[in-house]
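Novice: Protein sequence lines, in the order shown, are assigned to chains A and B.
1 is the number of the first residue of the first sequence in the working numbering; add one for each residue after it.
1 is the number of the first residue of the second sequence in the working numbering; add one for each residue after it.
No wet-lab data here; the hints were simulated from the structure.
Small disclaimer: the values here were computed from a predicted structure and weren't measured.
All residues carry an ideal CB built from backbone N, CA and C; glycine is no exception.
Incorrect hints may have been included.
[Unchecked claim] Residues from chain B shown here face chain A by an in silico Cβ test under 7 Å; the list is partial: (1) 5; (2) 7; (3) 10; (4) 42; (5) 52; (6) 55; (7) 150.
[Said to hold, decoys possible] Pairs of lysine to aspartate or glutamate residues, derived as DMTMM-like cross-links and limited to a Cα-Cα distance of at most 25 Å, are as follows: (8) 188/A x 148/A; (9) 188/A x 44/B; (10) 188/A x 213/B.
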Amino acid sequence: MPRRDQPRLAVAPDPADDSTEALLHRTALGEEEAFAELYDRTAPRVYGLCLRVLRDPAQAEEVAQEVLIEVWRTATRFDPERGSAGAWITTIAHRRAVDRVRSSQASADRERRAAAEAAEPEYDSVAETAASRLEHRQVRRCLGTLTELQRRAVTLAYFGGHTYRQVATLLNTALPTIKSRIRDGLIKLRDCLEVAR
Amino acid sequence: MSADVHSLIGPYVLDAVDEDEHRQVEQHLTECESCTREAAELREAVWRLSDITVAEPPQRLRDRVLTEAGRTRQEAPPERRSEPGPDAGPAPAAPKRIPRMRRLFALAAAVLIGFAGGVVTWALAQDPGTSESDRIAAVLEAADARVSTQDAEGGGRVTVVHSPSLDEAVVVVADLADVTDDRSYQVWLVEPEGQVSAGVMEPGDDSATMLVEGVGDAEVIGVTEEPAGGSEAPTTPMIADIELGA
Numbered sequence: 001m002p003r004r005d006q007p008r009l010a011v012a013p014d015p016a017d018d019s020t021e022a023l024l025h026r027t028a029l030g031e032e033e034a035f036a037e038l039y040d041r042t043a044p045r046v047y048g049l050c051l052r053v054l055r056d057p058a059q060a061e062e063v064a065q066e067v068l069i070e071v072w073r074t075a076t077r078f079d080p081e082r083g084s085a086g087a088w089i090t091t092i093a094h095r096r097a098v099d100r101v102r103s104s105q106a107s108a109d110r111e112r113r114a115a116a117e118a119a120e121p122e123y124d125s126v127a128e129t130a131a132s133r134l135e136h137r138q139v140r141r142c143l144g145t146l147t148e149l150q151r152r153a154v155t156l157a158y159f160g161g162h163t164y165r166q167v168a169t170l171l172n173t174a175l176p177t178i179k180s181r182i183r184d185g186l187i188k189l190r191d192c193l194e195v196a197r
Numbered sequence: 001m002s003a004d005v006h007s008l009i010g011p012y013v014l015d016a017v018d019e020d021e022h023r024q025v026e027q028h029l030t031e032c033e034s035c036t037r038e039a040a041e042l043r044e045a046v047w048r049l050s051d052i053t054v055a056e057p058p059q060r061l062r063d064r065v066l067t068e069a070g071r072t073r074q075e076a077p078p079e080r081r082s083e084p085g086p087d088a089g090p091a092p093a094a095p096k097r098i099p100r101m102r103r104l105f106a107l108a109a110a111v112l113i114g115f116a117g118g119v120v121t122w123a124l125a126q127d128p129g130t131s132e133s134d135r136i137a138a139v140l141e142a143a144d145a146r147v148s149t150q151d152a153e154g155g156g157r158v159t160v161v162h163s164p165s166l167d168e169a170v171v172v173v174a175d176l177a178d179v180t181d182d183r184s185y186q187v188w189l190v191e192p193e194g195q196v197s198a199g200v201m202e203p204g205d206d207s208a209t210m211l212v213e214g215v216g217d218a219e220v221i222g223v224t225e226e227p228a229g230g231s232e233a234p235t236t237p238m239i240a241d242i243e244l245g246a
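Bound-form chain B, shown alone (with noise of 0.2 Å):
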């Protein structure tokens, strides 16, 4: 299913899918962050198609849209994030060692894609007012948010920013080395005690964001490869293994 709307990025980006079809590629692309960049990239290239069809129009259109504009209300922008306060502090008790790896979401996505790539942006929050993104969001623009990026053994990156005073962290796993479906990425918290499984990726998956509550004491926090749906301990080697608080 996910692989046969994945091909349908190309025809998408040509507006040439039904509606259905346009739908469920929306739909994915704010589940899967290198297809968001890919159509983006392909659109660019899209566009100057029309180079070869430059035609000027007649006068009476330049008269006709500046006057219908003029009494036009423009739309309200987008809302903005919600500035962190009292309200987005820590959540009270979140269970903290209840494994929870979250799909992609497209605001923390958009964001960290910007961080990672030195360039930043807010405006792929097509998702807002759920739970979730308002406290990726609070972490993000939490004021002692670190940021921190490494990239993984064998490919892909991993981003981390956390927040000590939230105490929660977003942890952001992009286009790692390719794995088979039985095969699932793992993120842990690593404590003085030991490892902490802090969330499985979808079996396959090479991207994923999540949040991880409850960062606590935790100094580091790893990925590695683990049979589908994850193990009580790591099995293998860390591909990556970024320093809180550094």
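For reference, chain A alone in the conformation it holds in the complex (with noise of 0.2 Å):
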């Protein structure tokens, strides 16, 4: 049985490599170029995502600058042999958005801007690339390929930040059934989207 090398993680960048994993490292090191560019690629994920969550945005802005600084913080925390880059990144993003949609502090923000609702802009139909639009097909696609049930509770929890005992309450459904719902629903999705290692 031949010995395996032990394992290490890459030295140094390559250069070339612009794929959003090296400018994380390189971020790691410190280059604030690659953070600028890591930033052209990934803020308008975490800005919309936050956006989406929290309905607000100037709570938008607010969350994803804190979340924008975290990766530069501790993309020195960042592996590679634990998930993407970009999944890295939006669960940080998701996190620090529900988060403050959980904060007594977001409950009254929201109350406060519920009167001014109608000023908010349609970021729904915010311009896209050609990449990304395709992107979003695809997604939207697999989407479809959910049950109905397994559509509205992952969506519900994932864009709505809700809990799912919430989702529950929202559906009228059992909380087992919600719990099983939400991950045969995100296995689908992860068949679809061809994501599985």
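Quick one: dock chain against chain with the hints and give me the complex.
Specialist: Next up, the structure:
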């Protein structure tokens, strides 16, 4: 049985590698230009997700700023073997946005904002690049493969920032059913997007 | 309880659990390698949902973020596992014959998932500083460590990393055929004089990681299915038998 070499992370980033992972690695090494590039690539995703969850441009901007600074600060802890850079960054963004939703401050803010709802810009019609439109279509198509209950449960939790208990209440469905519909739905989504290992 | 936690993995990757449940799931993930894998895979699907909501942020956000980054200190990276030195040598007179089955250690699991898949990782070391994970790390890093993997009869895989100089081995059992709660998988050291139990897995479990101390002159590490709690000697045929020192 041949002995494998000891695992080691890549020693130096390849300057020709412009993957998000490579940008994040160079960011971890303190390269501000790499972080600026990483910002340009990921900020629309981070901001857009915060905006969808929080539905308040001012709060979305605030949270997106926290997220992106956290990305800079903790890039040193990113491990490409545990998942993609996109997953890592988006996970931070979603968690922060949801934390904000669940903090009491957010509920106060949202109440205050409810009055100004009409003034909110129409962010769903934001112009997209051709590439992101393509990805967008793929995700929509894959969401379409879910059953209605799966899709509603997943999107209420993810975009609505609701807990699965709240989702169960909203959909008037038993908790165990919601838990398993969320999981089945995500597995179906994973298979459709072909992101399994 | 564990089944209950397990069913929360879907809501967990959507951040749709409360703080208590979040902690329970994270704890569960350190003990269940297939669950860690599942959570990671689901996350790769979940983040793609944000494709739909991409939106251009105001230009001032870029200026603010880049300025603030410029004056924000970056965190230190996670500590690397210690190199095996004189202190990481064989444990003095470890009680050789006490069966010890350890539940999954995050570090070893991460590393060995990596070995098995041809990709290697270090960074699931969420449990640094415990003597077990340090000792597992020492085996994995030993200059003479040998890695052997075998598909088990009925499904799953057994991986052994053996360091003759440390006289220890790390055994990772993953995704064996399902057993009911009245059966346990048991790991054996097969020696010239016969088989000695190296550890019994929790009843019903199909995956685990263990440190085997005092490998001695064992020739093979084998796995059998036994009544819950294990047997004195194997009562069923080996479903995997990994040769040591091949």
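Novice: All hints, please: hold or fail.
Specialist: Taking the hints in turn, this is what the structure says about them:
no., hint, in the structure
1, 5, "11 Å, violated"
2, 7, "5 Å, holds"
3, 10, "3 Å, holds"
4, 42, "5 Å, holds"
5, 52, "6 Å, holds"
6, 55, "3 Å, holds"
7, 150, "10 Å, violated"
8, 188/A x 148/A, "13 Å, holds"
9, 188/A x 44/B, "12 Å, holds"
10, 188/A x 213/B, "43 Å, violated"
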